[in-house]
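Chemist: From first to last, the protein sequence lines stand for chains G and R.
Every letter in the first sequence is one number past the one before it in the working numbering, and letter 111, counting from 1, is 111.
With the second sequence counted from 1, adding 1000 to any position gets you the working numbering.
Hints listed in this document are in silico derivations from the structure and should not be mistaken for laboratory results.
Any given hint could be a false lead.
Quick list of in silico lysine-lysine cross-link-like pairs, DSBU-like style, CA-CA up to 35 Å [what the hints assert, rightly or not]:
id: 1; chain 1: G; residue 1: K3; chain 2: G; residue 2: K52
id: 2; chain 1: R; residue 1: K1078; chain 2: R; residue 2: K1024
id: 3; chain 1: R; residue 1: K1078; chain 2: G; residue 2: K3
id: 4; chain 1: R; residue 1: K1078; chain 2: R; residue 2: K1068
id: 5; chain 1: R; residue 1: K1068; chain 2: G; residue 2: K3
id: 6; chain 1: G; residue 1: K98; chain 2: R; residue 2: K1068
id: 7; chain 1: R; residue 1: K1068; chain 2: R; residue 2: K1024
id: 8; chain 1: G; residue 1: K69; chain 2: G; residue 2: K3
id: 9; chain 1: G; residue 1: K52; chain 2: G; residue 2: K98
id: 10; chain 1: G; residue 1: K69; chain 2: G; residue 2: K52
id: 11; chain 1: G; residue 1: K52; chain 2: R; residue 2: K1078
id: 12; chain 1: G; residue 1: K98; chain 2: R; residue 2: K1078
id: 13; chain 1: R; residue 1: K1024; chain 2: G; residue 2: K3
id: 14; chain 1: G; residue 1: K3; chain 2: G; residue 2: K98
id: 15; chain 1: G; residue 1: K69; chain 2: G; residue 2: K98
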Amino acid sequence: DAKTTQPPSMDCAEGRAANLPCNHSTISGNEYVYWYRQIHSQGPQYIIHGLKNNETNEMASLIITEDRKSSTLILPHATLRDTAVYYCIVRPPFGNEKLTFGTGTRLTIIP
Amino acid sequence: DAGVIQSPRHEVTEMGQEVTLRCKLISGHNSLFWYRQTMMRGLELLIYFNNNVPIDDSGMPEDRFSAKMPNASFSTLKIQPSEPRDSAVYFCASTPYYGYTFGSGTRLTVV
Chain G
1 DAKTTQPPSM DCAEGRAANL PCNHSTISGN EYVYWYRQIH SQGPQYIIHG LKNNETNEMA
61 SLIITEDRKS STLILPHATL RDTAVYYCIV RPPFGNEKLT FGTGTRLTII P
Chain R
1001 DAGVIQSPRH EVTEMGQEVT LRCKLISGHN SLFWYRQTMM RGLELLIYFN NNVPIDDSGM
1061 PEDRFSAKMP NASFSTLKIQ PSEPRDSAVY FCASTPYYGY TFGSGTRLTV V
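Hey, can you work out the whole structure from these sequences and the hints?
Modeler: Encoded structure:
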């Protein structure tokens, strides 16, 4: 799987948009970008994934650059419950393939 | 759907004892993954199964660890004999294609 680079930590004010960047310059043409988050002492939670088009669901938006070398996860109106470690992962589309987690970004929402 | 169910939630055992962790998959999911999380090493994939067949067990630390999937909905991870360095949170996850669903984890402490 391609390697990803994320900042180790970020802060965001409650109610503001949280923008979490991820670099994946070695991504292959068939690899998807996945985002998961892990709230303290819970199992990781799937957020969103995409290939090359921007994606949006009820949790977040995913913006992937045209060259696919980087992406941004956007939480439009961050709440205190969004405080978590966010993982950006790239992997082939085959659903039964393993996920390899890096160190992620620890996002802290400030009241 | 109750999600992925792990038991027990917490386990404290003495060094040398056998430990069995259990995981019930979501109905219809055909892939099962076992992860271990520690502060030092983060989230590590131990083993995963597709359609009850072990596909990759390269993450299993040593012969003391074994995993089985006797049917499509249930898996066990066994450590025999357990050692203090096995203390960690163990997660299982299942997926039908994309978007893994993780259980709440088993916190294992070996004293």
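Chemist: If a hint holds in the structure, say so; if it doesn't, say that too.
Modeler: Now the hints, each set against the structure:
1. G:K3 x G:K52: Holds, because 17 Å separates the two Cα atoms, which is no more than 35 Å.
2. R:K1078 x R:K1024: 15 Å, holds
3. R:K1078 x G:K3: Measuring from Cα to Cα gives roughly 31 Å; hence the hint holds.
4. R:K1078 x R:K1068: 9 Å, holds
5. R:K1068 x G:K3: 30 Å, holds
6. G:K98 x R:K1068: 17 Å, holds
7. R:K1068 x R:K1024: Satisfied, since the Cα-Cα distance of roughly 12 Å is no more than 35 Å.
8. G:K69 x G:K3: Satisfied, since the Cα-Cα distance of roughly 11 Å is no more than 35 Å.
9. G:K52 x G:K98: The given pair, whose Cα atoms are some 21 Å apart, holds under the 35 Å limit.
10. G:K69 x G:K52: 10 Å, holds
11. G:K52 x R:K1078: 41 Å, violated
12. G:K98 x R:K1078: 21 Å, holds
13. R:K1024 x G:K3: Distance ~31 Å between K1024 of chain R and K3 of chain G Cα, so the pair holds.
14. G:K3 x G:K98: Holds, at about 14 Å.
15. G:K69 x G:K98: 21 Å, holds
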